[in-house]
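Student: Build the full structure now, drawing on both the sequences and the hints.
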Amino acid sequence: SSDLSSLRRSQSLRHLYRSIFSLFLPCLNVKCPNFATRRKFILDRCPQIRTLLSMTVNSNRIAEMAVDGLRREARAAEVPQADIGQVIGKSRQTVNVKFRSGDMRLTEFVNIAQSLGISPHKVLERAEKNAALADKKVA
Numbered sequence: 597s598s599d600l601s602s603l604r605r606s607q608s609l610r611h612l613y614r615s616i617f618s619l620f621l622p623c624l625n626v627k628c629p630n631f632a633t634r635r636k637f638i639l640d641r642c643p644q645i646r647t648l649l650s651m652t653v654n655s656n657r658i659a660e661m662a663v664d665g666l667r668r669e670a671r672a673a674e675v676p677q678a679d680i681g682q683v684i685g686k687s688r689q690t691v692n693v694k695f696r697s698g699d700m701r702l703t704e705f706v707n708i709a710q711s712l713g714i715s716p717h718k719v720l721e722r723a724e725k726n727a728a729l730a731d732k733k734v735a
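The letter at position 17 of the sequence shown is residue 613 when you use the numbering used here, and the numbering goes up by one with no holes.
In case anyone wonders, no lab produced these hints; they're calculated from the structure.
It is possible that some hints are incorrect.
As the list claims (entries may be wrong) - With a straight-line cut-off of 20 angstroms between C-alpha atoms, the simulated EDC-like cross-links for lysine to aspartate or glutamate are: (1) Lys732 - Glu721; (2) Lys733 - Glu721; (3) Lys718 - Glu704; (4) Lys733 - Glu669; (5) Lys718 - Asp699; (6) Lys686 - Asp664; (7) Lys718 - Asp664; (8) Lys732 - Glu660; (9) Lys686 - Asp699; (10) Lys725 - Asp699; (11) Lys725 - Glu674; (12) Lys686 - Glu704; (13) Lys725 - Asp664.
Please read all numbers here as calculations on a predicted model, not as lab measurements.
Tutor: What follows is the structure, given as structure tokens:
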């Protein structure tokens, strides 16, 4: 399941790259033989695109960390996934999938956080700090 979600993320990022590059390549009036060469050329020539892409990747990481933080809070409070499912009108299995994939609707996220007595803002803030720390470790 985590392999499937990471595959979906990589496919969506690849689609994002291709969409952005297909928009900018004609403007640069350059013909590149393959995707990797095009990607490198455009990222070197257009730092704004590099910034946009890193923001997208970072926002996905923050969202995943926030959902994982919410899952950890629910576990710490010993709230069963079936109870969480009742809060958002989904089955326990669906809640499990949402927690494992790191992807859920904002309304679901807020409802779950509030039902646990946690500020959604605090969960997101903690995820943002953890993502920043992870980025520093990589750099």
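Student: Now tell me if each hint is right for this structure.
Tutor: Each hint tested on the structure:
no., hint, in the structure
1, Lys732 - Glu721, "holds (17 angstroms)"
2, Lys733 - Glu721, "holds (19 angstroms)"
3, Lys718 - Glu704, "holds (16 angstroms)"
4, Lys733 - Glu669, "violated (25 angstroms)"
5, Lys718 - Asp699, "holds (18 angstroms)"
6, Lys686 - Asp664, "holds (18 angstroms)"
7, Lys718 - Asp664, "holds (13 angstroms)"
8, Lys732 - Glu660, "holds (18 angstroms)"
9, Lys686 - Asp699, "holds (14 angstroms)"
10, Lys725 - Asp699, "holds (19 angstroms)"
11, Lys725 - Glu674, "violated (25 angstroms)"
12, Lys686 - Glu704, "holds (10 angstroms)"
13, Lys725 - Asp664, "holds (14 angstroms)"
Checked against the numbered hints above, the structure violates hints 4 and 11; every other hint is satisfied.
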